[in-house]
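**Q** One letter stands for each residue in the lines below.
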Amino acid sequence: ETGVTQTPRHLVMGMTNKKSLKCEQHLGHNAMYWYKQSAKKPLELMFVYNFKEQTENNSVPSRFSPECPNSSHLFLHLHTLQPEDSALYLCASSQDPRHSTNEKLFFGSGTQLSVL
Amino acid sequence: KNQVEQSPQSLIILEGKNCTLQCNYTVSPFSNLRWYKQDTGRGPVSLTIMTFSENTKSNGRYTATLDADTKQSSLHITASQLSDSASYICVVSGSNDYKLSFGAGTTVTVRA
Chain U
1 ETGVTQTPRH LVMGMTNKKS LKCEQHLGHN AMYWYKQSAK KPLELMFVYN FKEQTENNSV
61 PSRFSPECPN SSHLFLHLHT LQPEDSALYL CASSQDPRHS TNEKLFFGSG TQLSVL
Chain E
1 KNQVEQSPQS LIILEGKNCT LQCNYTVSPF SNLRWYKQDT GRGPVSLTIM TFSENTKSNG
61 RYTATLDADT KQSSLHITAS QLSDSASYIC VVSGSNDYKL SFGAGTTVTV RA
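Quick mapping for you: the protein sequence lines, in order, are chains U and E. Residues in the first sequence are numbered consecutively from 1, following our numbering. Residues in the second sequence are numbered consecutively from 1, following our numbering.
These are calculated hints, taken from the structure and not from any lab test. Watch out, some of these pointers could steer you wrong.
Calculated pairs, EDC-like style, for lysine to aspartate or glutamate (alpha carbon to alpha carbon, straight line, at most 20 angstroms) [what the hints assert, rightly or not]:
{"#": "1", "chain 1": "U", "residue 1": "K40", "chain 2": "E", "residue 2": "D84"}
{"#": "2", "chain 1": "U", "residue 1": "K41", "chain 2": "E", "residue 2": "E54"}
{"#": "3", "chain 1": "U", "residue 1": "K52", "chain 2": "U", "residue 2": "E24"}
{"#": "4", "chain 1": "E", "residue 1": "K99", "chain 2": "U", "residue 2": "E103"}
{"#": "5", "chain 1": "E", "residue 1": "K1", "chain 2": "U", "residue 2": "E44"}
With these hints in hand, go ahead and build the complete structure from the sequences.
**A** Structural data, given as structure tokens:
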């Protein structure tokens, strides 16, 4: 295990549903991330939190709402999603958001989301 | 255009054979280059991290090479095993902002 736990592993939701993804890291890291991974495409960075403060939002639609109550927990609240939002959503953590050579990024196993 | 391009997109090899994956990048200035392995249904796991001054780095049967002058890297898998079936992702960090640029990955299938 990588020390980053995501739940649920799989999620199917309708376009009018509201659901939340949860991420917890047991590594004592200060930075946490949400990434979107679509088939055959590079990972897309969505949000960055450092010391539970949001430091980056890569023009993500407002139907995705992140929440970081502390440095160990990260949520992604979903509402009125579109079918094109179907993807693998990965949470990650690192000690520092500046990815210098000594900074490893640890990923969770992801939530496979299907929007019907 | 993506700053990190990987080739081939996918490949199939027989168990026990070797293979080499390619990564070309345009990120500049450059800080470090990473290779990740991602098993189906799992998150990526780090294999190697190299700085511009490192030409090669190994992790078991995985050997990464880097040519910072031509902005190319390769990942060589020796004596492949069925467990090597996965997607391999090249990731580059720039030294201006230390943000990560991801390649789309190469899917490797090892057959018995």
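**Q** Take the hints in turn and mark each one as holding or not.
**A** To see whether the hints hold, each was checked on the structure:
Restraint check for U/K40 and E/D84: satisfied, since their Cα atoms lie roughly 19 angstroms apart, inside the 20 angstroms limit. The straight-line distance between the Cα atoms of U/K41 and E/E54 is roughly 28 angstroms, outside the 20 angstroms bound, and the hint therefore fails. Of the supplied pair hints, the one linking U/K52 and U/E24 holds, its CA atoms being roughly 13 angstroms apart against a limit of 20 angstroms. Distance hint between E/K99 and U/E103 is fulfilled; the C-alpha atoms sit about 11 angstroms from each other, no more than 20 angstroms.
The hinted pair formed by E/K1 and U/E44 meets the criterion: a straight-line CA distance of about 14 angstroms does not exceed 20 angstroms.
Hint 2 from the earlier list is the only one contradicted by this structure; the remaining hints agree with it.
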